[in-house]
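Q: Numbering follows my numbering, in which position 188 of the sequence shown is assigned residue number 188; successive positions increment by one, without gaps.
If you're looking for bench data, these hints aren't it; they were derived computationally from the structure.
Note that the structure is a prediction, hence the values are computed from the model and not measured.
Among these hints, one or two may not hold up.
[Stated by the list, open to error] Below, in silico cross-link-like pairs of lysine to aspartate or glutamate (EDC-like), each with a Cα-Cα straight-line distance of 20 Å or less:
id : residue 1 : residue 2
1  : K64       : E74
2  : K183      : E138
3  : K187      : D177
4  : K183      : D150
5  : K77       : E48
6  : K183      : E147
7  : K187      : E138
8  : K139      : D150
9  : K187      : E74
[Said to hold, decoys possible] Restraint ranges, calculated between C-beta atoms of paired labels, are given here:
id : residue 1 : residue 2 : range
10 : S160      : V99       : 40 to 46 Å
11 : V25       : A152      : 19 to 25 Å
12 : T102      : Q158      : 25 to 31 Å
13 : T173      : V24       : 50 to 56 Å
Heads up, the beta-carbon is just placed ideally off N, CA and C, and yes, glycines get one too.
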Amino acid sequence: LEPYGYYDAEVTPEVVRSGDVVTVVLDVTLGEPVRVRRHEVSVAGAAETDPAIAALIGGFQPAKGAIFHHGTYETSKAGISRALGERGYFDAILAAHRVEVTRADHAADMTLAWTAGNRYLFGPAVFEGSQFEPALLEKVVPWREGEPFDQAKLLRLQESLSDLDYFNGIQMTPQTDQASDGKVPVKVSLVPAKRSIYGAGVSYGTDSGAGVSGHIERRWMNRRGHKALADANLAEKL
Numbered sequence: 001l002e003p004y005g006y007y008d009a010e011v012t013p014e015v016v017r018s019g020d021v022v023t024v025v026l027d028v029t030l031g032e033p034v035r036v037r038r039h040e041v042s043v044a045g046a047a048e049t050d051p052a053i054a055a056l057i058g059g060f061q062p063a064k065g066a067i068f069h070h071g072t073y074e075t076s077k078a079g080i081s082r083a084l085g086e087r088g089y090f091d092a093i094l095a096a097h098r099v100e101v102t103r104a105d106h107a108a109d110m111t112l113a114w115t116a117g118n119r120y121l122f123g124p125a126v127f128e129g130s131q132f133e134p135a136l137l138e139k140v141v142p143w144r145e146g147e148p149f150d151q152a153k154l155l156r157l158q159e160s161l162s163d164l165d166y167f168n169g170i171q172m173t174p175q176t177d178q179a180s181d182g183k184v185p186v187k188v189s190l191v192p193a194k195r196s197i198y199g200a201g202v203s204y205g206t207d208s209g210a211g212v213s214g215h216i217e218r219r220w221m222n223r224r225g226h227k228a229l230a231d232a233n234l235a236e237k238l
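Using the sequences plus the hints, can you model the full thing?
A: Pasting the structure below:
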């Protein structure tokens, strides 16, 4: 019961026999729970004034006076660390994380402190593996170089590329090791979809009776002329 904040719980077992049947009864007395007495959660660096991070810091659970639930504590701690990465604070570290439980006082003192460093900026999107000219795909990139990094924009780009229906695989990786002047390039690895898509169906008409239908969709070819046509079709979609 300690992970749920009950450090003084008492369990009294009783064994009840009735012929060949044995029943074990556990009488559990929870006792007074441990509550958060000191609640120090902070972040230093550029993230200190980031509204998204500040909201998570201010809403950290368990709050002061609440029962010290280990699962809630770990979830809140992980949520802040994850958000720092998603918002571009790639150098962030958890500099202090300490919880002291005083059983006699039924109290828990929490200290959590992150050092976030600077927020990285978006660099260029570098496309790899695509059958299209990069200039066409750059039209769906939802950021400009120099904007603050935000993983939500990576998800928007992934959705836009997926909606084009030209790719079987899409993977995006911020190249933090290639950052320059605080700008992080994003590698977009693409796996082209099949060149030909086949379909079939059945139909019935009062005059024609039963029938079958089929179709084939040619998406692109390797030859330069067909590739140009595919680029034109993609440009029309964009």
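Q: Please go over all the hints and tell whether each is borne out by the structure.
A: Now for the hints, and whether the structure bears them out:
Between K64 and E74 the CA atoms are separated by roughly 16 Å; this keeps the pair inside 20 Å, and the hint holds. Proximity of K183 to E138 is assessed by CA-CA distance (about 17 Å); at most 20 Å being required, the pair is judged to hold. A hinted pair counts as satisfied when its Cα atoms are at most 20 Å apart, and K187 with D177 qualifies at roughly 12 Å. Under the criterion of a C-alpha separation no larger than 20 Å, the hint pairing K183 with D150 is consistent with the structure, at around 12 Å.
Our distance criterion of 20 Å between C-alpha atoms is met by K77 and E48, whose separation comes to about 16 Å. For the proposed pair K183 and E147, the alpha carbon gap of about 9 Å is at most 20 Å, so the pair holds. A C-alpha spacing of about 12 Å is found between K187 and E138, which places the hinted pair at or below 20 Å, so the restraint holds. Taking the CA atoms of K139 and D150, the gap is about 18 Å. The hint holds against a cut of 20 Å.
Taking the CA atoms of K187 and E74, the gap is near 32 Å; set against the 20 Å cutoff, the hint is violated. For the hinted restraint 40 to 46 Å between S160 and V99, the CB-CB distance of approximately 43 Å keeps it satisfied. Between V25 and A152 the Cβ separation comes to about 53 Å, which falls outside the hinted range of 19 to 25 Å. Range check, T102 to Q158: about 48 Å between beta-carbon atoms, so the 25 to 31 Å window is missed.
The hinted window of 50 to 56 Å between T173 and V24 holds, with their beta carbons roughly 54 Å apart.
Figure legend: structure checked against the earlier numbered hints; hints not met, in rising order: 9, 11 and 12.
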